[in-house]
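Enquirer: Take a look at the letters that make up each chain.
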Amino acid sequence: MPAVQRAHPFMPNSVPAIKQQLLRALGIDSVEQLFAQIPAEHRLREPLALPPALSAETELSRHMVSILSRNVSCESALSFLGGGCWQHHVPAICDEIVRRTEFLTPVWGTASSDLGRNQAWFEFTSQLGELLELDLVALPVYSWGCAAGHAIRMASRLTGRNKVLVPRYLDPERRAVIANYCEPSQMPSHIAMIDVASDPETGQLDLADLQSKLTPDVAAVYFENPGYLGQIEADAEQLCALAHKAGAEAIVGVDPVSLGILAAPGTYGADIVVGSIQPLGIHMNCGGGLGGFIASRDEPRYAYEYPTLLISIAATTHGEHGFGMALMHQCSYGSREEGKDWTGNSTYLWAIASAVYMSALGPEGFRELGEAVIQRAHYCAKLLAGIRGVRLQRSNGFFKEFVVNFDGTGKSVAQINVALLDRGIFGGLDLSTSFPDLGQSALYCVTEVHTVDDLQRLATVLTEICAR
Amino acid sequence: MSKQNGLRRYHAPVWDEPIVMEMGVAGRRGCHFPLPDATMQQAVGAAADLVPQSMRRRNRPALPEMSEPDVLRHYLHLSQETMGMMGISLFGTCTMKYNPRLTEGLAARPFVADLHPNQSPATLQGVLQVIYEFDRMLRSLSGMDQFTFQPAGGADAAYTQACITRAYHAAKGQLEQRTQIITSIQSHPCNPATSAAAGFEVVTLPLGERGYPSLDALRAAVSSRTAALMINNPDDMGIYNPEIKEWVRIVHEAGGLCFYDHANFNGVMSKLRARELGFDACMFMLHKTFGVAKGGGGPAVGAYGCSAELAQFLPGPVVTFDGKTYGVRDNAPTSIGRVREYWGNVQQVVKAYAWTRAMGAAGIAEASDMSVLLNNYMERELLKIRGVTRSHPQLEGWRIEMTRYSLGQLFEDTGVTVADVQNRMVDFGVDAFWMSHEPWIVPQPFTPEAGEMWSKEDIDYWIAVLKQVCEEAYSNPELVKSAPHNQAIHKLAPESLDEPDRWAMTWRAYQRKRGARSA
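Protein chains in written order, with this note's numbering: chain L, 1 to 468; chain P, 1001 to 1519.
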């Protein structure tokens, strides 16, 4: 069959007559002439080895669906995975708003051309500020790990010190990101990460160990509330106070969906607060739904260290509310290598999803959500604790995640998860390789999406598997 | 309002939409969650009692209380008060593209949206296949040996390069000696910024008379302290450095790595390959060149590809294929670990894969041709406008997919700035253009990029609007200086947002600074 020349649906000028018109306007015969400044020996002369084009949407759709249908989603399975990405309900209006063309496709606008996006961003920072009880919230960064990394670097610059205390039980993904931000030991501004042990009884940070490591060269104490293994730090206020006593900054990572029932970090002494925005109205997207936030008190010493974009409310010449970027000169767009760390494209669409989410929930929604989550998690834990050979690391004091130990079953978490998968259940995150000291343990995550039936089904199936 | 010079009548929607913090009525609800269940309550007690006493929230968060339709309508109004590429956006350096709605729809389905990154690989075969195959496609476009999609933007890919530079020299025992990364004044700010954040000194080369740094400048900068070169080509002026192979040779000879920042790939895609020019690594922005929606600044992907020699340093996890099943293995022990959690913005990789399939090799070559053809057509027309000049006017010849212009002449003649012109153009239904990254190498710069998605009629309209505004600058400069006039709001008052008592990054701070809320 002879090749058919068709204008490509994405390219309005791929009509031969238009191309000719443009070439005539430039007084040339062929597009090739326009590339004359690239030396011939730099040019690729063979066609690209790409699979055949699927320019017909019907064919492309069939192709994509045939591939993607091989995935099994957490909607069709029953999932208990968390760790650094969590299955929460995403209200339909969040999805509706983030697919609006005006928010979806552009990159940037000015204070006067793109008022609505700027306002939505400001509403993201303003609402998150209310949850955290902090006055300064930045536009988001890539992820929680990146937010923690930036916050630790901020603390290091603020204090002129180069050590950070971190919990020993820290998400390995997040730890690896933070380690990169802290730089290898050969670099001049290397920040040493020192692990703080957990109290084996409570699962909370070991205060004695923390104090012994809080030397005068510590820039910051970084802890999470709840911690990676789910435990709520009941002594958060004391942890912050100890950091301050040593002249260090208190950096706290929090789960924003817990803040309807858990104390706001701004009320217990946190200086810089970080966390993930993914739980706030963003689908997991196989990890593509992550976004990280950074917040602090609104004091110049903190404000001057932010590497991010900072959107501020501002007045127009006619007294209307408008929005502009504050302290732009201190980010890398303004100052290149003299700026604070760096910034660039981030997760700004997700900031809008989160703004919609927080508006939809309101104070009562966050309380109800927090209560639904914590009650389900404890109910699930209690059910699992009743299974022969299964032991809870701790039976209370957690929010949505908790550690389940299977040593007494004689089976590995990997074996159990394979058996669960056969029954359509994604078991908890296997901790046995990241934290071998916990034995055959898994981190189970329970949220508002789980029903009583789901949790009872998990317990029933696990009982069968463990008894085999 | 009547039509001016055949230009569209345009006015942005004006909703005077309140800040959401001022909206709502006590008691309204926009979202319910399941109430406590009797079975659960009996088993574990009341939810509130499960929180340790010391950690219970004391104050209700001061969030708005709104019903669901009110929330929806508020944010719909905000979307309408956003020009957001509903006009014509020639936002240079960002390569504005059509984002196929098929892929937006597919990525929103549970088989992408509701996946957890720690699921068993057996349940992720679809996305693993896409990641694996798209890696191969980018190898074809670049000549590199392996890609990672973990970096969550172009700047994150530059940061990845800086981290790999550290690891590479550390493995050779030379990290303490190799302290410098070389770049040019016309590189994107993220190149020097990520280098510095990774702990390197930055050496910035000035432009030579041909519009790119001279070989002599490079030779003077290179030494035994050189860790790497990070460079784009063409740069944002559309000028290609024809000596780039010699650059790579000089840096390699000194023991440094060479990184090709492909921010400006659109004009050269299918025309050249980074590896064949000698580069060790390169970066593509899937949210720019590969048709993925930009989302107003992410989620994004800086796809980072490198040579086989550097592959051992790539961040994990890595997707494998045994001819039948896709698997996952963690990175090599020599890896830099992670620059961001998990695989990066996987849904965007799915969209980029689909875009590349929709275009095919011929479509990609045509898009590159189109972007260069349109840019040169536009340049010829724009330079006819009074007050408009271009960078390096003495250089003959065509530019690639972008040209850097200057309104310096217009400013000298009329006092109208490039920001004023930007604000006035939006009155005609044209999105704000991009001026220039810092530092400005020409006065009052602007940088339109035509790309392949805008029709010739759109480009002609954009040119006509700029012509109109430049004429207004000469005939009625106040009209331009006080713009916009047809937008949802007026221009910002000229007060600094860098003063602690002025800036307010949240509504709480704004209220406190106005005395409407106690500290």
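Keep in mind the hints are simulated off the structure, nothing from the lab. Treat the hints with care, as some may be off.
Chain P regions said to be covered by chain L (calculated; three or more residues, Cβ under 8 angstroms) [to be verified]:
#1 1210-1217
#2 1472-1479
Cut-off 25 angstroms, straight-line C-alpha distance, at most; resulting in silico cross-link-like pairs (SDA-like, lysine to any residue) [what the hints assert, rightly or not]:
#3 P/Lys1271 / L/Thr316
#4 L/Lys19 / P/Lys1513
#5 P/Lys1456 / L/Pro9
#6 P/Lys1456 / L/Thr316
#7 L/Lys382 / P/Ile1019
#8 P/Lys1513 / L/Thr316
Nothing here was measured: the structure is a model prediction, and the numbers come from that model. Note that the Cβ used here is the ideal one computed from N, Cα and C, for glycine as well.
Enquirer: Check the structure against each numbered hint from earlier and tell me which ones fail, lowest number first.
Expert: Hints 1, 2, 3, 4, 6 and 7 are the ones this structure does not satisfy, whereas the remaining hints hold.
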